[in-house]
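A.B. asks: Single-letter residue listing:
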Amino acid sequence: MPVMPVIFETSDCELTALLQGEIDHHTAAELREEIDRAVDILKPEVLVLDFSRVGFMDSSGIGLIMGRFQNVRSYGGSLRVANPPPTVARMMRLAGMGRLGVL
Amino acid sequence: MRGKVIPQNEMKLVIPSRSANESFARAAVAAFMAQLDPTVEEMTDIKTAVSEAVTNCIVHAYRDTIGKIWIEAGIYDDGRIVVQIKDKGCGIPDVAQARQPLFTTGGSERAGLGFAVMESFTDRMTVRSAVGKGTTVTLEKRVAQRYRHDG
Ligand SMILES: Nc1ncnc2c1ncn2[C@@H]1O[C@H](COP(=O)(O)OP(=O)(O)O)[C@@H](O)[C@H]1O
Ligand SMILES: [Mg+2]
Numbered sequence: 001m002p003v004m005p006v007i008f009e010t011s012d013c014e015l016t017a018l019l020q021g022e023i024d025h026h027t028a029a030e031l032r033e034e035i036d037r038a039v040d041i042l043k044p045e046v047l048v049l050d051f052s053r054v055g056f057m058d059s060s061g062i063g064l065i066m067g068r069f070q071n072v073r074s075y076g077g078s079l080r081v082a083n084p085p086p087t088v089a090r091m092m093r094l095a096g097m098g099r100l101g102v103l
Numbered sequence: 001m002r003g004k005v006i007p008q009n010e011m012k013l014v015i016p017s018r019s020a021n022e023s024f025a026r027a028a029v030a031a032f033m034a035q036l037d038p039t040v041e042e043m044t045d046i047k048t049a050v051s052e053a054v055t056n057c058i059v060h061a062y063r064d065t066i067g068k069i070w071i072e073a074g075i076y077d078d079g080r081i082v083v084q085i086k087d088k089g090c091g092i093p094d095v096a097q098a099r100q101p102l103f104t105t106g107g108s109e110r111a112g113l114g115f116a117v118m119e120s121f122t123d124r125m126t127v128r129s130a131v132g133k134g135t136t137v138t139l140e141k142r143v144a145q146r147y148r149h150d151g
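First to last, the sequence lines map onto chains W and C.
Heads up, the first sequence is in this note's numbering, so the first residue is 1 and it goes up one at a time.
Heads up, the second sequence is in this note's numbering, so the first residue is 1 and it goes up one at a time.
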């Protein structure tokens with residue numbers, strides 16, 4: 001079974017989650033758990049979700065981003081989306097994520 | 001009805017509503033669609049729309065159970081692909097409301113954007129649904145054919 005891996009990196013007050021593979025409802029469940037676990041422990045000031053290695057994403061990915069956004073905001077942190085490939089960026093635009101200031 | 005137009009090729013797929021099948025379903029439709037010689041972007045559009053429809057069967061139609069999902073696709077001489085995704089799940093009480101962007105009954109991890117994505121990534125989307133009977137979503141897209149196949 002394909003797994004959706006995520007690699008974490010920390011620097012200063014940032015936690016970067018490098019997402020890899022395809023994001024759909026199936027893979028988002030596991031990603032959510034992994035990211036929330038790391039965030040709960042580290043409480044980073046900025047959570048960076050790096051999409052450079054994401055080859056496919058449907059609207060489950062938007063749900064994933066929004067859920068993490070609320071999560072970090074609940075303790076005063078912020079979220080930033082980094083390096084979305086064109087198709088992922090299109091999905092984010094459709095979701096109106098530009099207005100959130102996370103892009 | 002487009003009844004008299006016969007597809008150049010067609011396929012049918014029946015899968016249980018397990019979330020691991022989301023990637024299989026969109027990849028299968030994309031592989032079938034390759035016969036139309038679509039661009040990568042056109043392929044991604046259909047993959048994304050199919051992923052949304054299949055996910056809705058898994059997450060909403062058969063929320064607490066596993067049911068069957070029927071996927072039928074046809075490609076036509078004029079470069080159209082038509083994909084139908086059908087479930088016999090709970091049905092949608094108010095389709096117009098469900099199609100509104102951001103509307104969801106799925107809780108905080110759902111964006112409520114599935115129908116908006118299907119609509120914007122295809123040329124046409126229709127939804128037929130009856131409470132207690134199930135839902136059928138039909139997606140249609142014409143790909144710009146760069147050259148025509150002879151066979
Ligand atoms: N196949 C289906 N069976 C039952 N309800 C559905 C189905 N597809 C969609 N819905 C309903 O329509 C709503 C909106 O769907 P969608 O736009 O895909 O957003 P989301 O899946 O994020 O909730 C869902 O929350 C659900 O209530
Ligand atoms: Mg959906």
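No lab work stands behind these hints, which were simulated from the structure alone.
All C-beta atoms in this analysis are idealised placements derived from N, C-alpha and C, irrespective of residue type, glycine included.
There may be inaccurate statements among the hints.
[Unchecked claim] The calculated lysine to any residue pairs, modelled on SDA-like cross-linking and capped at a C-alpha distance of 25 Å, are:
1. C:Lys-12 / C:Thr-65
2. W:Lys-43 / W:Ala-82
3. C:Lys-12 / C:Val-127
4. C:Lys-88 / C:Asp-77
5. C:Lys-68 / W:Lys-43
6. C:Lys-68 / C:Ser-129
7. W:Lys-43 / C:Glu-109
8. C:Lys-88 / C:Ile-66
9. W:Lys-43 / C:Ser-108
[To be verified] Just the calculated beta-carbon pair ranges, DEER-fashion:
10. C:Trp-70 / W:Arg-99: 36 to 42 Å
11. W:Val-46 / C:Asp-64: 33 to 39 Å
12. C:Asp-37 / W:Glu-9: 36 to 42 Å
[Unchecked claim] Covered by chain W, according to a simulated footprint, are these stretches of chain C (three or more residues, beta-carbon under 8 Å):
13. 9–22
14. 46–52
15. 65–71
16. 116–127
17. 132–145
A.B. asks: Now tell me, hint by hint, if it's right for this structure.
C.D. replies: Now the hints, each set against the structure:
1. Annotation: proposed proximity of Lys-12 of chain C to Thr-65 of chain C holds, straight-line Cα distance about 23 Å (limit 25 Å).
2. Under the criterion of a C-alpha separation no larger than 25 Å, the hint pairing Lys-43 of chain W with Ala-82 of chain W is consistent with the structure, at around 19 Å.
3. For the hint pairing Lys-12 of chain C with Val-127 of chain C, the CA-to-CA distance comes to about 19 Å; that is within 25 Å, so the pair holds.
4. As the CA atoms of Lys-88 of chain C and Asp-77 of chain C are separated by approximately 31 Å, the hinted pair breaks the 25 Å bound.
5. For the suggested pair Lys-68 of chain C and Lys-43 of chain W, the alpha carbons sit about 42 Å apart, so the restraint of at most 25 Å is broken.
6. Using a Cα cut-off of 25 Å, the hinted pair Lys-68 of chain C and Ser-129 of chain C holds, with the two alpha carbons roughly 16 Å apart.
7. With a C-alpha separation of about 20 Å, the suggested pairing of Lys-43 of chain W with Glu-109 of chain C holds against the 25 Å cut-off.
8. For the suggested pair Lys-88 of chain C and Ile-66 of chain C, the alpha carbons sit about 11 Å apart, so the restraint of at most 25 Å is met.
9. For a cut-off of 25 Å, the pair hint linking Lys-43 of chain W to Ser-108 of chain C stands: about 21 Å separates their Cα positions.
10. Checked against the given bound of 36 to 42 Å, the beta carbons of Trp-70 of chain C and Arg-99 of chain W, roughly 38 Å apart, stay inside it.
11. Separated by about 38 Å at the C-beta atoms, Val-46 of chain W and Asp-64 of chain C satisfy the suggested range of 33 to 39 Å.
12. Taking the beta carbon of each, Asp-37 of chain C and Glu-9 of chain W are about 41 Å apart, inside 36 to 42 Å as hinted.
13. Requiring three or more residues with a Cβ within less than 8 Å of a Cβ of chain W, the coverage given for the segment 9–22 of chain C holds, as 3 such residues are present.
14. Using a Cβ-Cβ cut-off of 8 Å, 4 residues of the segment 46–52 of chain C lie near chain W, which meets the minimum of three, so the contact claim holds.
15. Evaluation of the coverage hint for the segment 65–71 of chain C: breached, as 0 residues show C-beta separations to chain W shorter than 8 Å, against a requirement of three.
16. Here's how the segment 116–127 of chain C fares: 3 of its residues keep a CB closer than 8 Å to some CB of chain W, so the rule of at least three is met and the hint holds.
17. With a threshold of 8 Å between beta carbons, the proposed coverage of the segment 132–145 of chain C by chain W is violated, since 0 of its residues qualify and at least three are required.
The structure does not agree with the numbered hints 4, 5, 15 and 17 stated previously, though it agrees with the rest.
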